[in-house]
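Student: Fit chains H, L, W and S to the given chain C structure using the hints.
Protein chains in written order, with this note's numbering: chain C, 46 to 405; chain H, 46 to 405; chain L, 46 to 405; chain W, 46 to 405; chain S, 46 to 405.
These are calculated hints, taken from the structure and not from any lab test. There may be inaccurate statements among the hints.
No distinction is drawn between identical chains; accordingly, a pair holds when it is met within one copy or between any pair of copies.
Straight-line alpha carbon distances no greater than 25 angstroms define the calculated DSS-like cross-link-like pairs of lysine-lysine that follow [said to hold, decoys possible]:
(1) K211 <-> K300
(2) K244 <-> K108
(3) K211 <-> K135
(4) K400 <-> K132
(5) K269 <-> K244
(6) K125 <-> K102
(7) K132 <-> K211
(8) K211 <-> K277
(9) K402 <-> K340
(10) K90 <-> K291
(11) K340 <-> K108
(12) K340 <-> K291
(13) K300 <-> K135
(14) K132 <-> K300
(15) K378 <-> K400
(16) K378 <-> K277
(17) K90 <-> K132
(18) K96 <-> K135
(19) K132 <-> K244
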Amino acid sequence: MSKRKKKHRRVKVKNTSFNQVPGQVVYVGSKENLSTSLEIIDYNKESHQVKYTNDVKEVFPYKESENVTWINVNGLNTIKEIEQLGKFYKLHPLILEDIVNTQQRPKIDEYENYIFIVLKMLYYTDAGELVKEHISIVMGNKYILTFQEADGDVFDGLRDHIKNSKGRIRNSGADYLAYAVLDAIIDNYFVIIETMGDKIETLEDSLFLENPDENITQDIQELKREIIRIRKAIYPLREVINRLEKGEHPLIHEKTHHYLRDLYDHIIQVSENIEVYREMTWGLMDMYMTTISNKMNEVMKVLTIMASIFIPLTFIAGVYGMNFDYMPELHFKYSYFYVWGVMLFLFFMMLWYFKRKKWL
Amino acid sequence: MSKRKKKHRRVKVKNTSFNQVPGQVVYVGSKENLSTSLEIIDYNKESHQVKYTNDVKEVFPYKESENVTWINVNGLNTIKEIEQLGKFYKLHPLILEDIVNTQQRPKIDEYENYIFIVLKMLYYTDAGELVKEHISIVMGNKYILTFQEADGDVFDGLRDHIKNSKGRIRNSGADYLAYAVLDAIIDNYFVIIETMGDKIETLEDSLFLENPDENITQDIQELKREIIRIRKAIYPLREVINRLEKGEHPLIHEKTHHYLRDLYDHIIQVSENIEVYREMTWGLMDMYMTTISNKMNEVMKVLTIMASIFIPLTFIAGVYGMNFDYMPELHFKYSYFYVWGVMLFLFFMMLWYFKRKKWL
Amino acid sequence: MSKRKKKHRRVKVKNTSFNQVPGQVVYVGSKENLSTSLEIIDYNKESHQVKYTNDVKEVFPYKESENVTWINVNGLNTIKEIEQLGKFYKLHPLILEDIVNTQQRPKIDEYENYIFIVLKMLYYTDAGELVKEHISIVMGNKYILTFQEADGDVFDGLRDHIKNSKGRIRNSGADYLAYAVLDAIIDNYFVIIETMGDKIETLEDSLFLENPDENITQDIQELKREIIRIRKAIYPLREVINRLEKGEHPLIHEKTHHYLRDLYDHIIQVSENIEVYREMTWGLMDMYMTTISNKMNEVMKVLTIMASIFIPLTFIAGVYGMNFDYMPELHFKYSYFYVWGVMLFLFFMMLWYFKRKKWL
Amino acid sequence: MSKRKKKHRRVKVKNTSFNQVPGQVVYVGSKENLSTSLEIIDYNKESHQVKYTNDVKEVFPYKESENVTWINVNGLNTIKEIEQLGKFYKLHPLILEDIVNTQQRPKIDEYENYIFIVLKMLYYTDAGELVKEHISIVMGNKYILTFQEADGDVFDGLRDHIKNSKGRIRNSGADYLAYAVLDAIIDNYFVIIETMGDKIETLEDSLFLENPDENITQDIQELKREIIRIRKAIYPLREVINRLEKGEHPLIHEKTHHYLRDLYDHIIQVSENIEVYREMTWGLMDMYMTTISNKMNEVMKVLTIMASIFIPLTFIAGVYGMNFDYMPELHFKYSYFYVWGVMLFLFFMMLWYFKRKKWL
Amino acid sequence: MSKRKKKHRRVKVKNTSFNQVPGQVVYVGSKENLSTSLEIIDYNKESHQVKYTNDVKEVFPYKESENVTWINVNGLNTIKEIEQLGKFYKLHPLILEDIVNTQQRPKIDEYENYIFIVLKMLYYTDAGELVKEHISIVMGNKYILTFQEADGDVFDGLRDHIKNSKGRIRNSGADYLAYAVLDAIIDNYFVIIETMGDKIETLEDSLFLENPDENITQDIQELKREIIRIRKAIYPLREVINRLEKGEHPLIHEKTHHYLRDLYDHIIQVSENIEVYREMTWGLMDMYMTTISNKMNEVMKVLTIMASIFIPLTFIAGVYGMNFDYMPELHFKYSYFYVWGVMLFLFFMMLWYFKRKKWL
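Bound conformation, chain C alone (with noise of 0.2 angstroms):
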């Protein structure tokens, strides 16, 4: 029971930043890493850098570079460094409070300069566990800054693509970039599906053993609420790519539209899979219901059939076992055998009867 506990715990909005001063800085999540690091990767159609460091001051000269540059920041505690970052690229205050804030839901701003985006990264755990990691996305005119809560991401494909310039993304620009690193997000969540279907197909199964565990319920109702906490997670993200498709910010060139409208179909396709697979959880309970009942309706005949056969045959017994001083039928010869074949013939008619109403 504590197990599930501590899971339900996470359910809680924990946004304790109440009464602050909005446009205050201050990182809600739970990760902690001890310091921020930050990985820098330029770029352009021949030349290909990456940096690692955990200075912030180590970014300032490629906002020069005539290369693509994204900048990678890992860790939301140091809210010094992340300040100090939005101030070099001049982000609104509520920009710098949302990246910090993993309460955020996903959502997209457009500034005149930049374009703001927070979603979702979710996986699952080695132990099974749903985790669901805030990241920020801001594009700028030839730079991208990304910021997750910890180290760790989905990104190793596209890090990869990169390096050995596979695909377009070495001859397009950041918005190109932006949308390959939207890709991999969305793309990532297709594995959180696929695992959800396994979970139904697991509790289905289960669910039509002999004796399904009592716990099931408690596994339905966990299962509904990880559908309900990826939903809130993922469908606000329609309208964000939504609208990045189709607004007209002057730094999302022309033949990048069609990438995005793929994009959003993905988005969509999701969607659709988790609305099947809430459907069919909520279905689960049902299911249960009629299961429980139907083991009900059997173990009520085992009793009906044993307390109908020998109730009767009993009292028959019982007849015969009074002491009344006359009873005539006692002292005839066979009347020991013939209260035997009443008895029998009432054992088969009650068998035949339960036969033919197939209860047997």
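Tutor: Relative to the frame of chain C, chains H, L, W and S by itself:
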């Protein structure tokens, strides 16, 4: 159970394309054709020609033809040939990706020189399994391309009409041909719907049998799942056809619009029928629950009647089976018969009571 | 059961028109008229003329007439004559297809010279079966054509008004006549709704009988199905009437708009009533479930009371029926009466206990 | 039951107006006034006059008056007089039809010289029955006409305000008077809602009694029906008031718009409350189901405890009631007491077992 | 029960204002302050002044001040003083009515010189009861007025920020102050949501206890009601904030719009959380039903096992308790032991049977 499991598996999204480079063409379906075969149908008002080949290059000369050309590609495994075709017809890389991504939901993409439509061909195999086949249509100026996963389709009637010059088709352009292809696919949805109606009817009838199979819950769940899958395949098509009809793409001639509106009517009608079947299927579970409860009521009544009649009688017999030295009744001459009288009286009283309560 | 089955069958979509050539006219309904008969009503302010014929050519002269002409076609089997009529009035081939396709859902198609409306005429047969008759209306400049599946309709009142020059009809054009036809059909929906209300009431009453018929589940399901069918026939009509009223087709005169708005109000009112009945019918199932559960509770109480009272008493009797050599109580003079006292005391204790629990 | 039945009947749509000529004025309600009575209130800033009459002609002179005139018509049976009034004020025939058709749903119709509004006045009779009274308002330039089914309304407060020159009313025009009439009707909906809240509370409390009345299902169903009826009467009014406020009809003065927006707020608030009560009422059924199931659980526990304790003990007594010649235990001196010991031990074991299971 | 009842009562709409004159100012809430107290906070970039008074006239001088002035009115009973204030600030009579009508739902009214907002302040008392406090905001050019029902609010943090010149507030105008007030109220909704999450968790845990309290149904229903009330208080606010942000009222400065959009994000987030909790709470009832059914299954199994084992054995004992003269088995030497053998064999057979069925 193992048969069921296999069916379940198919529900999952087997999108193994994560971390791909966007625009990379990978076939993710499960139907394996050894080779990709092409069918070329070229016709105008007067002439008509059909050609089968495995060599994609044989298609190229037809581009110059003044006739309407329908190139039907069977099998999506040999990526290379599809890419060759795509390059020849100058298709966008994302289109090629969608052609082979069998998870892609129905959609329409309008480009300057062609319209791209993705949809699903649905049919039941002889074994009664629902098959969802991914099909893509590229409609150009004087040609249409169709891409299917496997041999066997619903176009035989259409081929026949072209050959025998039935209806308007030989007098019309590529847009009418595209309409005819869509019409053939959507007309076939009515067969699916009819089969589904039969399934619901069979389930409903078996619910009211004396002893409904306990697996009926699973059957209902399976049917729900099937309806959900069909809905997922068909619903987005409404939007597709609507955009095709409402849109003002120059490739669609004025007089084809009436036909497209008719198509839209059909797809709406299919959707409404699915919705009706969905409501009915969801209602089946409730019906099953009341059926179970009614059965249990009946079981309980039998038990209650047997127990209520014989337990008191057994008690009376028990009383006169006691061995007290002084029990005056035991020595009266007709006690035994009086007791039988009382017991029979009670017996008939109980019968009358249960009769009056309508339990018998 | 066989009666029910036949009813079920009717729910299915019997669209056998797959793989047809689009625009091909095939009657798919089930009502067979041996021949198609025509009724021609021609009137103006002063004169009024009615003619019955089987020959479609007799219609043609009326096209020249300055009067309003209503041509009512009964029976959709003789395709040839409908095609002849269609050709004469220059109807689009798709319209001819929709006229004879009884599966077509209600719709409106506006052409330059005429407006085409499809809808359903609903009535209960004397046997209480719901009949859904396909009816199409073509409204032109000085004429309207109506196509019905079979003889017998809801227009008798309207014919009477035309004949006796009641109301505005003889002073108005073809648009008002079309309105009057629609009004007659929609007014008749209120009869359907009243019958449905009676059915719900009957079901509800029978739910609260001492022993509701077990078939009541089937009856509720049947009623649900009927409501679903009616909804399917009527709901799309709201859109049709709305477009007719909002649209600015030159064939509809300014002053007819008020009448159309009134018609729209009626169809909304019908829809709302259906929605109300739908909610009530869905609620019936829940009521039935609680009814069953209450019955079971009652059954269980009888069993529990009988068993709880007599099982302990039987035990006591059993104890003094044991044959031990040394059982001192057996030999006391009043033991037997003491035991009876104890048993009666227990009996009344139990009665009092169950009385207090309000189970008696 | 007969009382209930009568209530049910009222739900049905008793629209007996089918096959009428459109625009024909027929009263279809159930409230019969022997005659139609008129109340004329004529006022301006300084003066105020009230007149009661049965003669419709007495109304005519007021049309010339510069004052605001409110003509309130009670009783819709004497069609002729309503038609006379309609002709005098040049009302469209469809309006007259709607005035007497008590089935008409709330609506607004804007004409050039007047605005026509239909709505429902709701109140509970002293017997607790919900009455739905059809009321129509025609608002002209210097007059308003109101048509009610029967005597008795919710306007006494308003009459008082006019008489005593309270509030803005005597300084405002006919549009403000129409607003005040609507406001009086809508304010009264809050009484309805309060009564409904009381009913839900009463039902909820009675659900948790020891022995809820079995008729509670019917009471819940009745309440559902009542909510559905109220909803049907009130919901369309939102659209009506919204159009009145948003519309720019010249008869509505600029400064009245703020009051109409306030009215709109009130009707939204009523709708929200109905929605809340609806959800609560629907929840009552679920609560009742769990209540029944809990009761059944309790019944079953009593049975199980009694049977589980005494059946084994009876078996032991039965064993030593057997008549075998050779049963050594029967002849030991203290056997009887040992057996009692065993039986008491079993008895207390069972008690302890059920205690531990918390069934006792 | 009486405690509950009092809670229920609060759900009802206690709108006793029917038949009032529109625009008449009557306080309808339940919180009684003996007097209305005023708090005046006046500040600019450099200076900051706070003043408490009971005399409404002390407010008037501040109107001339160039500073931003926040006038916070506590207590809505002394209508006269609120009317005085309203007259001084030239507020529309309907606004005054809404300020004291605590039943008013959240809304925004835009006037030329000020914006009027109504919303609800929600908090839990120490006794765990949810309190819904009506609060109105009038935002003018250099001032804002806030009207609360009682002392005690969620603005302490905000007062502190103004005093200590934290954040942007001292550098901004009245529009930013209004934003800050709204932000403080909405931030507090997150506390409500967290408490609600705890309540759901507690209920869920108690569902899975060995013996869930039967009152749990009432607790779930209570929680449902609470969620419904909170939803009613919060949902309309989305529209309010949205209109404030989207609207182009000259009183709202350009740079405040970003903050309002942020506020809108927060209220959407609160709404989504409520929706999630709603779904979970509704699911609790289903879980409880399965829990009850599982318990009943367990009870039935115990009964069935006990009865099925001992009823046949008792029958056997009964047979050999019969008193027939001629019962050969009675006289065999080891009959008694054979019978014990048979009975033990049956006993273990039954145990094995129930073991195999997994009922033990």
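Student: Now look at each hint and say whether the structure bears it out.
Tutor: To see whether the hints hold, each was checked on the structure:
no.: 1; hint: K211 <-> K300; in the structure: within (18 angstroms within a copy, 43 angstroms between copies)
no.: 2; hint: K244 <-> K108; in the structure: neither (47 angstroms within a copy, 50 angstroms between copies)
no.: 3; hint: K211 <-> K135; in the structure: between (33 angstroms within a copy, 21 angstroms between copies)
no.: 4; hint: K400 <-> K132; in the structure: neither (84 angstroms within a copy, 69 angstroms between copies)
no.: 5; hint: K269 <-> K244; in the structure: both (11 angstroms within a copy, 18 angstroms between copies)
no.: 6; hint: K125 <-> K102; in the structure: within (12 angstroms within a copy, 48 angstroms between copies)
no.: 7; hint: K132 <-> K211; in the structure: between (34 angstroms within a copy, 19 angstroms between copies)
no.: 8; hint: K211 <-> K277; in the structure: neither (34 angstroms within a copy, 34 angstroms between copies)
no.: 9; hint: K402 <-> K340; in the structure: both (18 angstroms within a copy, 11 angstroms between copies)
no.: 10; hint: K90 <-> K291; in the structure: neither (28 angstroms within a copy, 42 angstroms between copies)
no.: 11; hint: K340 <-> K108; in the structure: neither (70 angstroms within a copy, 68 angstroms between copies)
no.: 12; hint: K340 <-> K291; in the structure: neither (55 angstroms within a copy, 56 angstroms between copies)
no.: 13; hint: K300 <-> K135; in the structure: between (28 angstroms within a copy, 15 angstroms between copies)
no.: 14; hint: K132 <-> K300; in the structure: between (31 angstroms within a copy, 18 angstroms between copies)
no.: 15; hint: K378 <-> K400; in the structure: neither (35 angstroms within a copy, 39 angstroms between copies)
no.: 16; hint: K378 <-> K277; in the structure: neither (85 angstroms within a copy, 79 angstroms between copies)
no.: 17; hint: K90 <-> K132; in the structure: between (30 angstroms within a copy, 23 angstroms between copies)
no.: 18; hint: K96 <-> K135; in the structure: within (23 angstroms within a copy, 39 angstroms between copies)
no.: 19; hint: K132 <-> K244; in the structure: neither (45 angstroms within a copy, 42 angstroms between copies)
Taken one by one, the earlier hints fail for this structure at numbers 2, 4, 8, 10, 11, 12, 15, 16, 19, listed in ascending order.
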